[in-house]
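Colleague: As given, the protein sequences belong to chains A and B, one line each in that order. Using my numbering, the first residue of the first sequence is number 4, and each one after it goes up by one. Using my numbering, the first residue of the second sequence is number 48, and each one after it goes up by one.
Simulated from the structure, these hints should not be mistaken for lab results. Check before you lean on any hint, since a few could be wrong.
List time: in silico BS3-like cross-link candidates among lysine-lysine, alpha-carbon distance up to 25 Å [unchecked claim]:
1) B/665 to B/888
2) B/433 to A/14
3) B/495 to A/298
4) B/254 to A/95
5) A/298 to B/301
6) B/495 to B/471
7) A/355 to A/384
8) B/433 to A/16
9) A/16 to B/430
10) A/14 to B/1032
So the chains spell out like this:
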Amino acid sequence: MQRVSRIPTIKAKHANKFGMLILEDGTIFEGMGFGYSTIAFGEAVFNTGMTGYVEALTDPSYSGQILTLTYPLVGNYGVPDPMAKDADGIRKNFESEMIQARGLVVHELSMTASHWNMAMTLDEWLYNEKIPGISGIDTRELTIKLRTGGVMMAALVVSDTIIDVQEIKKKLVSAKKYNDEEFMNTVSVKEPQTFGMGPESIVVIDTGVKNSILRNVRSLGYQVIKVPWNYSLEKILSYHPKGIIFSNGPGDPIKCVQTMKTAKDVIEKNIPTLGICLGAQILGLAGGANTYKLKYGHRGQNKSCIDLDNNQVYVTSQNHGYCIDPESLKNTDFKLWFTNTDDNTVEGIKHKQKKIIAVQFHPEASPGPFDCMFIFEELKKLIGEDNAKR
Amino acid sequence: MLGFGGQTALNCGVKLDELGILKKYGIKVLGTQVTGIRATEDRQLFKDSMIACNVPVLKSSTVYNFEEAKKVAKDIGYPVIARVAYTLGGKGGGVAHNEIELHEIVTRGLNASLVGQVLIEEYIGHWKQIEYEVMADYTGNNVIICNMENVLSMRVHTGDNIVVAPSQTLDNYEYQMLRSAALRAAKHVGIVGECNVQFALDPYSDKYVAIEMNPRLSRSSALASKATGYPIAYMAAKIVMGHTLPELVNRITKTTTACFEPSLDYIVCKHPRWDFSKFELANRNLGPTMKSVGEVMGVGRCFEESLQKAIRMLEIGNDGLVANRNSDKKYDIEEIENKLQKSDDLVLYYVAEALRQGMSVEQIYKLSAIDPWFIEKIDNIVKTEKRLKESTLDNKLLREAKELGFSDKQIGRLVGKDDLDIRKIRKDAGIIPVVKRIDTLAAEWPAKTNYLYLTYGGKVNDFEVTSNSQKIAVLGAGPYRIGSSVEFDWGTVNMVWGLKENGVKEVSVINCNPETVSTDYDICDRLYFEELTLERVLDVADFEKLDGVVTAVGGQTANNLTPKLAQNGIKIIGTSFEDIDRAENRSTFSKVLDDLNIRQPPWQAFSSLVDAKKFATKVGYPVLVRPSYVLSGAAMKVVWSESQLKKYLAEATNVSPDYPVVITKFMLNSLEAEVDGVGDGENVVIGAVIEHIEGAGVHSGDSMMCIPPWTLNNKVIDTILDYAKKVAIAFKIKGPFNLQFLINQDQVYVIELNIRASRSMPFVSKFVRMNLINLAARAVLGKPLPLVAKDRWRKIPHYGIKVPQFSFMQLDGADIILGVEMQSTGEAACFGESFYDALAKGLTSVGYSLPKEGSVLISAGGSENKEKLLQTALLLKGLGYKLLATEHTAEFLSDKRIGDVDVVYKISEPQRKPNIADLLYERKIDFIINVPSTSTLEKYVGMLYDEYQIRRKAVELGIPVLITTELADSFAKTLEWLKHNETTKKPLESYENVG
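Please work from the sequences and hints to get the whole structure.
Modeller: Okay, structure coming up:
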């Protein structure tokens, strides 16, 4: 009578291991290890999104970080096929080629996953990509700790045998600090890549770009050229792009000196440009503003930002630890465009004369709400104005 | 503001607009405009709107008659679902698998719809049912407050569904896709304020359709508010008055904006409460028509915990999904398969049983359309049940069981120990729940509000209670159900306020009903959204270091906990436990009455069946069988014969295993009255004496009530007042009480004393303009009450009438005859200058139409009833109504020379014309007086099935049925009064300060 058939259901295979999370301040959380048995060191951060662990884990902005999800039930819908690609050759379900976070911390790993679009379980995926995960800890306690104490370094251990706490603590002390790490060589492409066809193109400077940014540019109708983070403007212009995107990415923006140089040249030449997240910070720095590190960052899908031009408020997806200092904008040619309605931090800037815009949040969503995709249309408008002029 | 009073207010607003009244008086509609309301309420307009904003909808068509329906159904293909436009809670809809069923449903639906419109659409029962709550302001800002997933798929109306928030089986893309669609839809129809959008999502792809939109605050938005901590109604009110979302502040953090989307770090599970057992013949299957009468919300850190908590919160005698008191029953696999396909109120228990018997998750999914994820979680519960039963209980297993939401009772039952033993074992092992905050944003910002829950899914408390000031917890009333509704919520809230006014520093509330004001976190110092079980109240008491608890305002729920709490060292604030116990124990209660020379009907505590039979023979049938410590007549029965006595004694003993069952002589042809009051141990404040309009035997909750008494003489009233004072003092009552009386041939008998707030207290308080619970708050703290004249209520120059609201329409098959089991699901109280003024308003409020002319069908069982109805028939005749009657009644009326009475024939004799069935369908009957024989014995043996059919059909067609002679008489007199008068319209006056 009814067409009830089957929903794929798979049980966890790489779980029930020893697991431990040790924070820089000495706090120890014991839980159930899953995924790959190994030790990871990284900056412990939390994200308040209630869905989207696949997108978050593959977001290069999480490089160097151990990701805690505040929503307690994780892995419910498994992981879709990692290899699936769209017509342009962009990974369909992932934000990059692999898991970028160093480890995953959850309250409860679903021991069974089920979803029509699932290829494997979360623990299996972590195992395949050699990433440790821990489940069964009080993630609210951890979140409150990070909120009050600020983000800090941590060690996440998954092991098949009993864990030696003292040894891990020792290793954690000598592990490289997140703030000191260089990420660009690992997250950025080595050679330019081209996606799709189109009469006109946009160059995306890859400081750890999410695939959704590429997808959004494709859906505007442009060919996408992804170039390494340290490409000079000269090399970029050899592609005759109509516009440039400075992408998201991990780490402290002041470390991206070469990208900043390109940004200065872009501002100088007044090429239609959109900066996203790290890209926004780089453009800000290039324009003379300063950046600083937030105590515990903005990571979630419920962050509202106000467009100061028309007082509209949008719910945005965010993932950043650094931010532009609003005071420092006063001495630049940038003006505030968006601010965060919760803490008034800078969420977007616009160049007063040039066709340069930038947002701190993620208009490409994935994970998170689609409400701000119009930001890409704004870039298209700038390109349109530019074309009209020539 | 049309969006705040549910469907009733919305319909009212649309009607006002249609009639041009809003325009005539220049009244603006705040928030969503009437055009927007229509675009969501009218099925075809809704569909057009959705298509216009690129939101897919189901293949469907609107029909206005059966022929059209038949054609559409054929095009779409069976099964189809019929949905009715402009009704409450999906009222009147249904799934039709063939033409015969379609006929039944469409005819009923067309009658129930205010606009005579039914939608026929493709049936997608196995799709996921997902809801989004949208907030939007005038300037185009909009956010989603919460999304929810229905565990029982599209098969079951969301009001009857087990619902989790947030959704559990949707991936990020699906979540965002539906989120965007909800915002598009809301924007397109012009929502300002709040709305709910329901979607069906294909479980095998990302195909989806919008099912419906509610452009108003709803049951779902109340749930979303409690699930997230976001005060939707409060914010919506600000928004419709012109504020924008970003300028409003999050009431929990007090610093961040209200224009955001709450992030949860827990899972809530809403579980409906059904009261099918109160209705003989009612069909328990769940479907597109809502049948539940209330709901609870369990909060936990995993699905298993929140589900098992929710089940306990229902107070249906279950301690969780498994290991219940009466769970020995075995089912064969065929029976389980059948139950899984049909989804009745016990469906999750059948899922558990299927798993126990080794049925695969896949097979259970195929039968039940419950997503495998949920079935797997239930399997965790079933497996843990098995482990507890088969292995020795160590701390690890105990902790795991607690994390999965097992109560001490369940664990005790499985390992062969008492629940209090388990409590001790686990406290010794340090296995205690932690207290976490519900803060709207998953701890990302500091939260100042104390909206709390307890869980085993965590290691540390969010905070500790450190102050040394006096701490009192007020126990709420749990889910709305028959016999316990918003009146106890009113009691809880007023008690909290009263305690605060009287200097108590820290007042917390424990309650679990998402529909209530008592679970608004800002009415008290700390709100525990928690179970009202002994285990959990003790947990809270341990955490809070409580000075005591108030159990006098939470109805039956709190009342039942009183003895156990007292025995576990918790101080009961108010009347002492010993005095409450003296009143609940029928022997000591009776002794006190004897000492005070107060009459009571003969009674006996149940000891053995032989003794019970002897007693019944001695006093004569009928007798009333009831357990103690039970409110609202659960398992209370009037018994007419020896065989029934045996059956109901067994049932009553089961409902109240811990307390004795009492058998009382049931006095026929008596009047019933009650007194609501407050005592301080020495002094008594009388609220009012209330008289029931129906005779004794109709449950007091189902009876219409009147202040002042409309037939009792002064001598009787004085006796009642005298008794009330004596009883209150004898039991040293400190707080609210309610005393019930039978009046038989001017003799006053006391039948029941409840030392707690009663259902009628808000009604009485409003009538006498004196807040009884506020006074009770003083009394429970041991402060003296002010002196209030005992006849204060008599000096109020008005009439107040309370009328019950029934929901028989929703309960397929239920009979509407009233008895000692309460069946009404709500009530209306109306005030007027005269008895009929108040009554006319009251009857209109609960949905009776008061026709100015037309036909009345009279059908009465037994000569006594016929006699009683004679005057009523005469009056109606005189007022110009046409009289129709069944054979015997017509014969009787003709004998009495009443003049023209048309004879009509029974539904069971369709060949004889004119037939009642035809007349009903053709709307040739405006109202019905149908009083079954008083020797209600016949009802139980099914002899009056024909009368049942009349009542049932009439209910389904929305025709008023008057089922007692008293009601018929008052109805007729109200019609007479309306010939010459108009009802008064005056605002309710506020409470007076009585010192």
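Colleague: All hints, please: hold or fail.
Modeller: Outcome of the hint check:
no.: 1; hint: B/665 to B/888; result: 45 Å, violated
no.: 2; hint: B/433 to A/14; result: 20 Å, holds
no.: 3; hint: B/495 to A/298; result: 20 Å, holds
no.: 4; hint: B/254 to A/95; result: 18 Å, holds
no.: 5; hint: A/298 to B/301; result: 20 Å, holds
no.: 6; hint: B/495 to B/471; result: 33 Å, violated
no.: 7; hint: A/355 to A/384; result: 16 Å, holds
no.: 8; hint: B/433 to A/16; result: 23 Å, holds
no.: 9; hint: A/16 to B/430; result: 19 Å, holds
no.: 10; hint: A/14 to B/1032; result: 66 Å, violated
The structure is inconsistent with the numbered hints 1, 6, 10, although it conforms to all the rest.
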